[in-house]
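Novice: Residues per chain are reported as follows:
2 protein chains.
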Amino acid sequence: MTRKELIKQIKTKRSFLCIGLDSDINKIPKHLLAFEDPVFEFNKQIIDATKHLCVSYKINTAFYECRGLAGWRCLVNTFNYLPKDIFSIADAKRGDIGNTSSMYADAFFDKESSGLSFDSVTVAPYMGADSVKPFLKYSDKWVVLLALTSNESAKDFQFLESKSGFLFENVLVKSQEWANEENMMYVVGATKGKAFADIRKLAPNHFLLVPGIGAQGGSLRDVCQYGINKDCGLIVNSSRAIIYASNGEDFANAARNEAEKLQLEMAIEIEKIGF
Amino acid sequence: MTRKELIKQIKTKRSFLCIGLDSDINKIPKHLLAFEDPVFEFNKQIIDATKHLCVSYKINTAFYECRGLAGWRCLVNTFNYLPKDIFSIADAKRGDIGNTSSMYADAFFDKESSGLSFDSVTVAPYMGADSVKPFLKYSDKWVVLLALTSNESAKDFQFLESKSGFLFENVLVKSQEWANEENMMYVVGATKGKAFADIRKLAPNHFLLVPGIGAQGGSLRDVCQYGINKDCGLIVNSSRAIIYASNGEDFANAARNEAEKLQLEMAIEIEKIGF
Chain G
0 MTRKELIKQI KTKRSFLCIG LDSDINKIPK HLLAFEDPVF EFNKQIIDAT KHLCVSYKIN
60 TAFYECRGLA GWRCLVNTFN YLPKDIFSIA DAKRGDIGNT SSMYADAFFD KESSGLSFDS
120 VTVAPYMGAD SVKPFLKYSD KWVVLLALTS NESAKDFQFL ESKSGFLFEN VLVKSQEWAN
180 EENMMYVVGA TKGKAFADIR KLAPNHFLLV PGIGAQGGSL RDVCQYGINK DCGLIVNSSR
240 AIIYASNGED FANAARNEAE KLQLEMAIEI EKIGF
Chain S
0 MTRKELIKQI KTKRSFLCIG LDSDINKIPK HLLAFEDPVF EFNKQIIDAT KHLCVSYKIN
60 TAFYECRGLA GWRCLVNTFN YLPKDIFSIA DAKRGDIGNT SSMYADAFFD KESSGLSFDS
120 VTVAPYMGAD SVKPFLKYSD KWVVLLALTS NESAKDFQFL ESKSGFLFEN VLVKSQEWAN
180 EENMMYVVGA TKGKAFADIR KLAPNHFLLV PGIGAQGGSL RDVCQYGINK DCGLIVNSSR
240 AIIYASNGED FANAARNEAE KLQLEMAIEI EKIGF
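Listed in order, the protein sequences are those of chains G and S.
Each residue of the first sequence is one higher than the one before, starting from 0 at the first, in numbering that gives the first Met the number 0.
Each residue of the second sequence is one higher than the one before, starting from 0 at the first, in numbering that gives the first Met the number 0.
Since the hints were made in silico from the structure, they are not lab data.
Watch out, some of these pointers could steer you wrong.
It does not matter which identical chain is meant; a pair holds if it fits inside one copy or across any two.
Said to hold, decoys possible - Dumping the calculated DSSO-like pairs for lysine-lysine here, alpha-carbon to alpha-carbon at most 27 angstroms: (1) K110 x K29; (2) K193 x K154; (3) K162 x K173; (4) K3 x K26; (5) K162 x K193; (6) K26 x K132; (7) K200 x K26; (8) K50 x K110; (9) K200 x K154; (10) K154 x K173; (11) K162 x K136; (12) K10 x K162; (13) K162 x K200; (14) K136 x K26; (15) K271 x K3; (16) K271 x K200; (17) K260 x K154; (18) K110 x K26; (19) K132 x K43; (20) K50 x K3; (21) K132 x K83; (22) K136 x K154; (23) K140 x K173.
For clarity, every value in this text was computed on a predicted model and none was experimentally measured.
Start from the sequences and build out the full structure, keeping to the hints where you can.
Specialist: What follows is the structure in structure tokens.
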């Protein structure tokens, strides 16, 4: 998906919501366990109920890998069920030496090779340029690079300060030598509040993928106040607060209601930037 | 596997060799394509030919994920074929927020959940303590944390210098608050030569997993000169130079010969430390 197509979708849907399909077989409603693949059934119903409210789905691969082969099959089936006009994110946080990152790129981008062809994949920056560049060889595919993550321990290394600023600032600056706002986004946690203002100085035009709303305590208001730009420039993710809104047979409706609450808040925010 | 068992294996086999099963369906001998799962057949024959010469096998997950479901099945079959007295490494370079890293830990350590139960998994440190700790909850399982990687672009971020030293030095020091030499190792690239001496000041007793011998240009001699400790403390990996030593029907023999060359060099090195 191109940047232009993504922005168009945001304008049309009045939303910049990403729904995280962090679907855990131990947390989904019990009546689904009667299905052959309970997690796939769960995802299907969540997608059907919410696809008009969001511009992106994010599949966190850990939740599928932990079930081994059955989980990987569910991941492929879920990917195939995603509406193709919605921005898909493989939240895989991969990254390895060049020839190996090429393999990871094939895993998430090359349908012929792996059965998967996500629009984007999250990548960890620790190993530097040659670990990221192989993901950038696919046209209309994106790298979503970890910059400032939403977790408490982000402070352990991401705030280490060198002459050229904090580590996450170095990641933001250095990575712009490898890619631009047409094929790279950054992960910035919603829990970081005012840090968004500093990040916008370093990456004014990039889209930011923002986890941490809801269960992790981040505020949509703060994120928009400091992080929105003229093209919106935000994809805000919510996982648990939406997909586990109810544990009963009404889970899909409950998920739609939660997604709609966020979409309505988002509509107000993008109204403000004249969309 | 415990540290004691690992050291015993090194003493018995006169080797600290790890063989990386970076098995690429496009690079394996063509006659294997007649098998139902060519990569599994390749791995099986490599394992049969080399298991007396190495103390560890490392499976880089990228090479399996890139083939989607078939690749993941091959990964599980290969894991099941590994001799259980040999130290197994899932070279997956995972790492995510706490509840997600728990899922990754299940994926690689919990056989009941995923079908896999490696002795260790490689983890990327960027997200800090809470992304690493979930992997440390399993007894006799190890985290192999990225510290100083073998690739050229390691310099992009790993050598950023703060008041508390280079980023990789911070990783070495900080992570010792989370784990000790009984359940954590570090990745240090063989291409880093004298950096091993500095690393040994910060982590004198830990095992180091050392990739970068062979195809990537690192020297076993340098690694041992600066990196070996009284318990050996090294697991040196070779992938391509061993598994692709021949492209013909003799590939397994050729792999054994290459592995044996390294094992003989290693026997000399561990003789020197009085093993």
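Novice: All the hints need checking, so say for each whether the structure fits it.
Specialist: Consistency of the hints with the structure:
1. Taking identical chains as interchangeable, the C-alpha atoms of K110 and K29 lie at most 27 angstroms apart only when they sit on different chains, with a minimum of 23 angstroms there against 33 angstroms within one chain.
2. Taking identical chains as interchangeable, the C-alpha atoms of K193 and K154 lie at most 27 angstroms apart only when both belong to the same chain, with a minimum of 15 angstroms there against 30 angstroms between chains.
3. For a Cα distance limit of 27 angstroms, the shortest separation of K162 from K173 qualifies both inside one copy, at 14 angstroms, and across copies, at 21 angstroms.
4. Taking the shortest alpha-carbon separations for K3 and K26, neither the intra-copy value of 37 angstroms nor the inter-copy value of 39 angstroms comes in at or below 27 angstroms.
5. In this homomeric assembly, K162 and K193 come within 27 angstroms of each other (Cα to Cα) both inside a single copy, at 22 angstroms, and across copies, at 25 angstroms.
6. For the homomeric pair K26 and K132, the shortest alpha-carbon distance between copies (22 angstroms) is at most 27 angstroms, but the shortest distance inside one copy (37 angstroms) is not.
7. Taking CA atoms no more than 27 angstroms apart as the test, K200 paired with K26 passes in neither setting, with 40 angstroms inside one copy and 46 angstroms between copies.
8. For a Cα distance limit of 27 angstroms, the shortest separation of K50 from K110 inside one copy, 23 angstroms, qualifies, whereas the shortest one across copies, 35 angstroms, does not.
9. Taking identical chains as interchangeable, the C-alpha atoms of K200 and K154 lie at most 27 angstroms apart whether they share a chain (20 angstroms) or sit on different chains (25 angstroms).
10. Both within a single protomer and between protomers do K154 and K173 lie at most 27 angstroms apart by alpha-carbon distance, with minima of 20 angstroms and 12 angstroms respectively.
11. Within a single copy, K162 and K136 get their C-alpha atoms no closer than 32 angstroms, and across copies no closer than 37 angstroms, so neither meets the 27 angstroms cut-off.
12. For a Cα distance limit of 27 angstroms, the shortest separation of K10 from K162 qualifies neither inside one copy, at 40 angstroms, nor across copies, at 46 angstroms.
13. Proximity of K162 and K200 under a CA criterion of 27 angstroms is satisfied in both settings, with 17 angstroms inside one chain copy and 25 angstroms between copies.
14. Taking the closest pair of Cα atoms, K136 and K26 come within 27 angstroms of each other only across two copies (21 angstroms); inside a single copy the shortest separation is 37 angstroms, beyond that limit.
15. With identical chains, the CA atoms of K271 and K3 are at most 27 angstroms apart within one copy only, with a shortest distance of 20 angstroms there and 63 angstroms across copies.
16. Taking the shortest alpha-carbon separations for K271 and K200, only the intra-copy value of 20 angstroms comes in at or below 27 angstroms, while the best inter-copy value is 56 angstroms.
17. Within a single copy, K260 and K154 get their C-alpha atoms no closer than 31 angstroms, and across copies no closer than 45 angstroms, so neither meets the 27 angstroms cut-off.
18. In this assembly of identical chains, the alpha carbons of K110 and K26 lie at most 27 angstroms apart only when taken from different copies (20 angstroms versus 30 angstroms within one copy).
19. Taking the closest pair of Cα atoms, K132 and K43 never come within 27 angstroms of each other, the shortest separation being 33 angstroms inside a single copy and 33 angstroms across copies.
20. Within a single copy, K50 and K3 get their C-alpha atoms as close as 19 angstroms, which meets the 27 angstroms cut-off; across copies the closest is 54 angstroms, which misses it.
21. In this assembly of identical chains, the alpha carbons of K132 and K83 lie at most 27 angstroms apart only when taken from the same copy (25 angstroms versus 37 angstroms across copies).
22. In the homo-oligomer, the alpha carbons of K136 and K154 lie at most 27 angstroms apart only across protomers (22 angstroms), although the nearest pairing inside one protomer, at 32 angstroms, exceeds that limit.
23. In this assembly of identical chains, K140 and K173 lie within 27 angstroms of each other by CA distance solely inside one copy; the values are 20 angstroms within and 35 angstroms between copies.
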